[in-house]
Amino acid sequence: MSNLIQDNVQERFSHYLQNNGLKLTSERLVILKESLATEGHFEADDLLVILKQKGCKTSRATVYRTLEILALAGILRKVYLGGSAIQFEKAFGLPHHDHMVCQNCGARFEFESPELQKLKDELGHKHNFAVTDYGMQIFGLCANCAGAMK
Amino acid sequence: MKTEKEILADYLKEKNLKRTEQRFNILDIFLATNGHISAYELHALILKRYSDIGFSTVYRTLKLFTECGLADEVNFGDGRARFEKAFRRSNHGHLVCSKCGHTEEFSSPTVENVQKQIVNKYDYEPQGFRFEIYGLCRKCRQRYL
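Chains A and B are the protein sequences, given in the same order.
0 is the number of the first residue of the first sequence in numbering that gives the first Met the number 0; add one for each residue after it.
0 is the number of the first residue of the second sequence in numbering that gives the first Met the number 0; add one for each residue after it.
Some hints here could point you the wrong way.
[Said to hold, decoys possible] Cut-off 30 Å, straight-line C-alpha distance, at most; resulting in silico cross-link-like pairs (BS3-like, lysine-lysine):
hint, chain 1, residue 1, chain 2, residue 2
1, B, Lys47, B, Lys12
2, B, Lys98, A, Lys89
3, B, Lys84, A, Lys77
4, A, Lys125, B, Lys115
5, B, Lys98, A, Lys117
6, B, Lys138, B, Lys84
7, B, Lys12, B, Lys62
8, A, Lys149, B, Lys47
9, B, Lys14, B, Lys1
10, B, Lys84, B, Lys1
11, B, Lys1, A, Lys125
12, B, Lys12, A, Lys149
13, A, Lys32, A, Lys125
14, A, Lys51, A, Lys32
15, B, Lys98, B, Lys138
16, B, Lys62, A, Lys77
17, B, Lys4, A, Lys89
These aren't lab readings, by the way, just hints derived from the structure by calculation.
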């Protein structure tokens, strides 16, 4: 990630914290940096392991709460991919995409759909919601697994 | 068409699980609920009639219901899994208020079409989808903005 984007993200985070009466602690900053360094999807516990390996003494509760804040600030996105734990992924400055997951082997595809973008605006208007985010997950069987089960 | 009880009984048999009375009592109470219910809320309802059913039994049984297609698990971003009846219901999405948790349901041919396009493109056998729109409902906007 380029330095410019990193600076923008940090600025957005500190604005969000300030607006919500929260402090920009060094722990929150480390969690921000480590989540931006991840690739793909991660769980809160994955991040905790990485932080522990780097000698950071952050507690699990702090990691969980900070990830929630990062999601509310629009820096990360929470995704439900059918497993038991919520996954996070980077969202800031990236185009929206959705997921399709194989229920057998866990293979994932990402897709982008302009129709869904339009739909969430229409539905927000119709139901009088100020839309902040949306997500679609398609569950099914990939060609390999569907073939193997027949 | 099979009833909900028959679906559960068949699934238990297929998985070599016991056909306990408790599992069917939980099903009865679950089928009488409306909307989205968490395992805790369902347990509270069950305790009124069956004081000997524990929370973990309720939770595990709800998981069984999702496996055999009687329930869908839905997540509205607050970290608490909720369940809704899935059998004989059309596929639908949810609008969720991030502040008060108020939810509204919608069904849309657009979502069905997108699902069709994507599963065809990647050669998937579809089993279902979830679609959530997050935001602030009218009441919360008036209250907080």
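Tested hints:
Note on Lys47 (chain B) and Lys12 (chain B): the hinted pairing holds, with a Cα-Cα distance of about 29 Å set against a maximum of 30 Å. Straight-line distance between C-alpha atoms of Lys98 (chain B) and Lys89 (chain A) comes to about 22 Å, which keeps the hinted pair within the 30 Å bound. For a cut-off of 30 Å, the pair hint linking Lys84 (chain B) to Lys77 (chain A) stands: about 24 Å separates their Cα positions. About 25 Å separates the Cα atoms of Lys125 (chain A) and Lys115 (chain B), which keeps this hinted pair within 30 Å; it holds.
Of the pairs offered as hints, the one joining Lys98 (chain B) and Lys117 (chain A) holds, with about 23 Å between alpha carbons and a cut-off of 30 Å not exceeded. Restraint check: the Cα-Cα separation between Lys138 (chain B) and Lys84 (chain B) comes to about 27 Å, which is no more than 30 Å; the hinted pair holds. As the CA atoms of Lys12 (chain B) and Lys62 (chain B) are separated by approximately 16 Å, the hinted pair is consistent with the 30 Å bound. Of the supplied pair hints, the one linking Lys149 (chain A) and Lys47 (chain B) is violated, its CA atoms being roughly 45 Å apart against a limit of 30 Å.
With a C-alpha separation of about 18 Å, the suggested pairing of Lys14 (chain B) with Lys1 (chain B) holds against the 30 Å cut-off. Using a Cα cut-off of 30 Å, the hinted pair Lys84 (chain B) and Lys1 (chain B) holds, with the two alpha carbons roughly 15 Å apart. Distance restraint check for Lys1 (chain B) and Lys125 (chain A): the Cα-Cα separation of roughly 37 Å exceeds the 30 Å cut-off, and the hinted pair is therefore not satisfied. About 21 Å separates the Cα atoms of Lys12 (chain B) and Lys149 (chain A), which keeps this hinted pair within 30 Å; it holds.
As the CA atoms of Lys32 (chain A) and Lys125 (chain A) are separated by approximately 38 Å, the hinted pair breaks the 30 Å bound. With a C-alpha separation of about 14 Å, the suggested pair Lys51 (chain A) and Lys32 (chain A) falls inside the 30 Å cut-off, and the hint holds. Between Lys98 (chain B) and Lys138 (chain B), the direct Cα distance comes to roughly 10 Å. Compliance with the 30 Å bound is thereby established for this hinted pair. For the hint linking Lys62 (chain B) to Lys77 (chain A), the alpha-carbon distance of about 22 Å falls within 30 Å, and the restraint holds.
Between Lys4 (chain B) and Lys89 (chain A) the alpha-carbon distance is near 43 Å, which puts this suggested pair outside the 30 Å criterion.
Hint compliance for this structure: hints 8, 11, 13, 17 are broken, all remaining hints hold.
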